[in-house]
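Engineer: So you can see what is in the structure, the chains are spelled out below.
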Amino acid sequence: MQAKVFVTLKNGVHDPQGETVSHTLKSMGYDEVGDIRIGKYIEVELKGADGEAAKARLTEMCEKLLANTVIESYRIEL
Amino acid sequence: MKFGVVVFPGSNCDHDCFHVATHVMGHEARFLWHKDTDIGDVDCLILPGGFSYGDYLRSGAMAACSPIMDSVKKFADAGGLVIGICNGFQILVEARMLPGVLIRNDSLKFICKDIHLRIENTETPFTNACRPGQVLRIPIAHHDGNYYADKKEISRLLKKGQILFRYCSPEGDVEDDTNPNGSLEAVAGITNEKGNVCGMMPHPERCAEDLLGNQDGIKIFESIIKAIDERK
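Going line by line, the protein sequences match chains Z and A.
Residue numbering for the first sequence follows my numbering, beginning at 1 and increasing consecutively.
Residue numbering for the second sequence follows my numbering, beginning at 1001 and increasing consecutively.
Derived by calculation from the structure, the hints in this document are not laboratory data.
For glycine and all other residues, C-beta sits at the position ideal for the given N, C-alpha and C.
Only true hints are included.
The calculated EDC-like cross-link candidates involving lysine to aspartate or glutamate, where the alpha carbons are at most 20 Å apart (straight line), are:
hint, chain 1, residue 1, chain 2, residue 2
1, A, K1194, A, D1229
2, A, K1232, A, D1077
3, Z, K64, Z, E43
4, A, K1151, Z, D15
5, A, K1073, A, D1043
6, A, K1073, Z, E63
7, A, K1152, Z, E72
8, A, K1151, A, D1106
9, Z, K10, A, D1150
10, A, K1160, A, D1077
11, A, K1151, Z, E72
12, Z, K10, A, E1153
13, A, K1160, A, E1123
14, A, K1151, A, E1185
15, A, K1109, A, D1176
16, Z, K64, A, D1070
17, A, K1151, A, E1193
18, A, K1113, A, D1177
19, A, K1109, Z, E19
20, Z, K40, A, D1106
21, Z, K40, Z, E19
22, Z, K40, A, D1055
23, A, K1109, Z, D15
24, A, K1160, A, D1150
25, Z, K10, A, D1106
26, A, K1002, A, E1230
27, A, K1002, A, D1016
28, A, K1113, A, D1016
29, A, K1194, A, D1077
30, Z, K64, A, D1055
31, Z, K40, Z, E63
32, Z, K40, Z, E60
33, A, K1226, A, E1123
Interface residues of chain Z toward chain A, partial, derived using beta-carbon atoms under 8 Å:
hint, residue
34, V13
35, H14
36, P16
37, Q17
38, T20
39, K64
40, L65
Start from the sequences, fold in the hints, and give me the full structure.
Structural biologist: Encoded structure:
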């Protein structure tokens, strides 16, 4: 099975990359663009089919490595 | 005394640290591979700069999960001195041995230049050879050196004197335009609460001998050696 993990910056954490992309889009004429926050999308191939167990293991992986929970949140989709 | 220099895949300041510890300071040093679990009888561990694991995912994230890091944590818990320089600092925050995180420089650029640092606390094993408020000129070379922690953490760091170094002007003034990377409180280096684990973005090992035209970095090594001598 494949899991999708979305890692995003928590509210209030400065995102210089997002700001620069937002600036560029505005300078390209996309005046409707407001704040941009850039995150990561991770696909994880998993052995086994037990959804609940997989989610628990993935949560552990996010806490330990995939996200830095000081500044990032994560969401898991199975 | 004995230094241990931890080598991760992608470390590139390991030999500089080894050189300063041995040839410049005249002490012993040994390299420790990231897969080692026995760190032996070292007095101070150095996590050197570089690009461990290619900075993939987040700088320092993968190295923080290396086999040796359990031993590094145990060593620090027992009061051992640990200093992380540049990528080493990133590894220490990722390993949660130091508070906060180091995010992308606010300019989004890799910055490689000499900067000035003001010593904010001289009562630590990493700064005891400095004068209060002393200004050191030391190079930085990083892409992710923008220190961030939430407000609560920042006020705790300030209250407990855990901010060791701040980016400043040559005269020692901390201004917006002397902050190269957007770090909160112009943080260039901190310690843990116990004061035995230090992380700093500037590279003291790159300016610790006359031959290189700048010896300011030697102060950090002198401090560590003095602290270890006093313990013995």
